[in-house]
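Undergrad: Protein chains in written order, with the numbering used here: chain A, 6 to 300; chain B, 24 to 277.
No lab work stands behind these hints, which were simulated from the structure alone.
All C-beta atoms, glycine included, are put in the ideal place defined by N, C-alpha and C.
All the given hints hold, so there is nothing to weed out.
Not everything, but these chain A residues come out facing chain B in the computed CB check (under 8 angstroms):
| id | residue |
| --- | --- |
| 1 | A57 |
| 2 | G58 |
| 3 | I59 |
| 4 | D73 |
| 5 | K75 |
| 6 | W79 |
| 7 | K83 |
| 8 | S84 |
| 9 | S85 |
| 10 | I86 |
| 11 | D87 |
| 12 | W88 |
| 13 | L90 |
| 14 | L102 |
| 15 | Q150 |
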Amino acid sequence: MKKGISLKNLSKKYPNGILALNNVSLDLHYGELVGLIGPNGAGKSTLIHTIAGILQPSSGTIACFIDDPKDLAWVSQKSSIDWYLPVIDNVKLGARLGGCSIQEAKSIAKENVIKVGLEKESTQLPDSLSGGQQRRLQIARALAQNAKILILDEPTTGLDPFASKQFLSEIRNIANQGKLVLISSHDLHSLEGVVDRIVFLSEGTVKLDQEISNLLNSTSWISIEYEGEISSTVRNFLEQYRWEILTEKSIKITIENPQVLPRIFTFLIPQIDVTDIKLSRNNLHELYLSMNERK
Amino acid sequence: MFRNFILICEFEWLALWNDKAGLLRLFLDPLAYLLFLGAGLNALITISEGQQTTNYISFVYPGIVALQILRMFTHAIYRLTIDRRWGLQALKIAAGTGYLGYILGMTFIPIILLAAQMFVSYPIALFLGLSFSLKGFFSLLFVGSIMTLFWSFLAINLTFWIKNYSQRDLVLTCLFTPLFLSAPIFYSFERAPVYLQIISSLNPLTYQVEAMRSAYFEPHLLHMTFYSMILITLCLFCLSIITLSKAEFLSSEI
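Based on the sequences and whatever the hints tell you, model everything.
TA: So, in structure tokens, the structure goes:
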């Protein structure tokens with residue numbers, strides 16, 4: 006796939022001394038829908054603003070493989086809206102920034118206002134909209150720009166589940182058309198179904214960067230309930246895996262490679278009095294929690 | 024660049040058009056000054072300089088135009104603060120409008136407004152006693168346009184330091200009234216008390232009002248003040264480009 010964005014050793018230190026990005030290197034490709042996840046303050050917005058060109062990195066390089074700056078559209082986490090312009094004109098701004106003529110921009114704006122379900126509010130000023138509707142307005146503006154690279158900072162915040170699902174399906178279609186979409190979100194359940202790849206950012210560094218299919222298929226966990234005690238031999242054996250005590254009589258082992266399962270069972274079953282075993286495929290939520298615990 | 028300039032102008036115009044009350048105020052304001060303060064004092068005051076006497080309306084009209092330009096300075100600060108505060112400046116510049124297109128686009132609509140205001144207020148001023156001069160009118164419009172650019176560029180540089188609405192309101196309160204009252208719009212600088220002359224001489228609007236009066240009554244003469252104003256405006260323009268290119272548009276979110 007053709008490279009869309011290439012980041013090399015990107016760091017960003019704010020004047021107040023906070024190191025928001027620390028040596029981030031990433032290659033993102035056209036046709037990919039990349040989910041950017043991580044705890045609050047991980048550096049997601051800084052990364053997005055730096056890629057969008059509105060923050061200057063302290064060191065490192067950013068290469069966006071586009072012909073024109075208008076080929077990169079960006080949705081801020083904040084309500085980036087002109088409060089003096091009605092909904093339709095705010096969306097029209099996106100189309101005009103995307104290079105449309107005044108006439109074309111009118112029809113594209115109308116089309117996108119309908120797409121995000123704001124046709125009834127199209128002549129209203131944005132301050133009369135709800136938070137979710139203001140979010141949809143920004144999404145419509147970004148879609149109207151028809152950019153080759155779309156960077157979205159928590160676009161689903163404030164959207165109702167139906168609107169969120171509809172929006173994610175729309176951006177999946179956009180990525181399927183060969184465009185690059187980078188989306189940061191805390192809505193892990195929704196992301197899981199649409200993204201191609203997950204980048205986990207924590208304390209300004211990339212802790213994980215993997216295709217979602219590999220990530221979810223390769224990682225699972227088993228919970229084992231037992232009677233009696235766990236011997237030091239068992240503890241020593243478990244140390245080679247990520248494991249934790251769930252309750253007084255149950256443990257959880259994270260499995261990153263399914264091939265190790267027979268070895269675990271062969272060793273554990275004679276050593277402890279197993280009463281129940283549950284094998285679960287990981288989901289993004291579990292993964293997120295485990296990544297957070299690991300950091 | 025031209026396309027970007029048109030784009031910024033288009034949306035500035037739309038924003039203004041949607042603020043009907045603000046637009047109405049911009050047109051009613053100079054008329055109110057002329058019809059009430061100007062006409063009222065015109066009956067009381069005649070300005071004499073050497074052998075020449077001028078009616079008060081002729082004296083005050085260029086000053087009222089200058090005052091409207093100062094009002095547009097506050098309008099520019101409002102618009103620029105919104106653009107910065109809500110990330111629209113970042114959005115427009117990131118999408119490739121460029122600093123030049125952005126700056127010129129943001130300053131062009133106030134010049135159009137100034138022209139529109141003058142076309143409305145000039146016939147009223149003529150009716151109240153201003154002497155007609157076509158050359159003077161266009162000369163006044165030209166100097167007024169340079170002055171509008173001066174204040175718009177200053178607004179761009181000032182909004183760089185404004186982080187929120189309360190700071191914006193503080194700046195406007197601290198600037199507008201002292202600038203307006205200490206400039207010789209309604210009084211003559213030469214006849215003002217010494218303390219007022221000292222304060223007034225620190226106010227750029229003072230020199231601009233003088234330049235506007237000269238532009239109307241002596242359009243064939245371009246004073247040193249005018250050339251200085253152009254030079255300072257050019258400096259502010261360059262500073263605006265540097266300020267925007269160095270600005271970090273969003274710095275509070277991690």
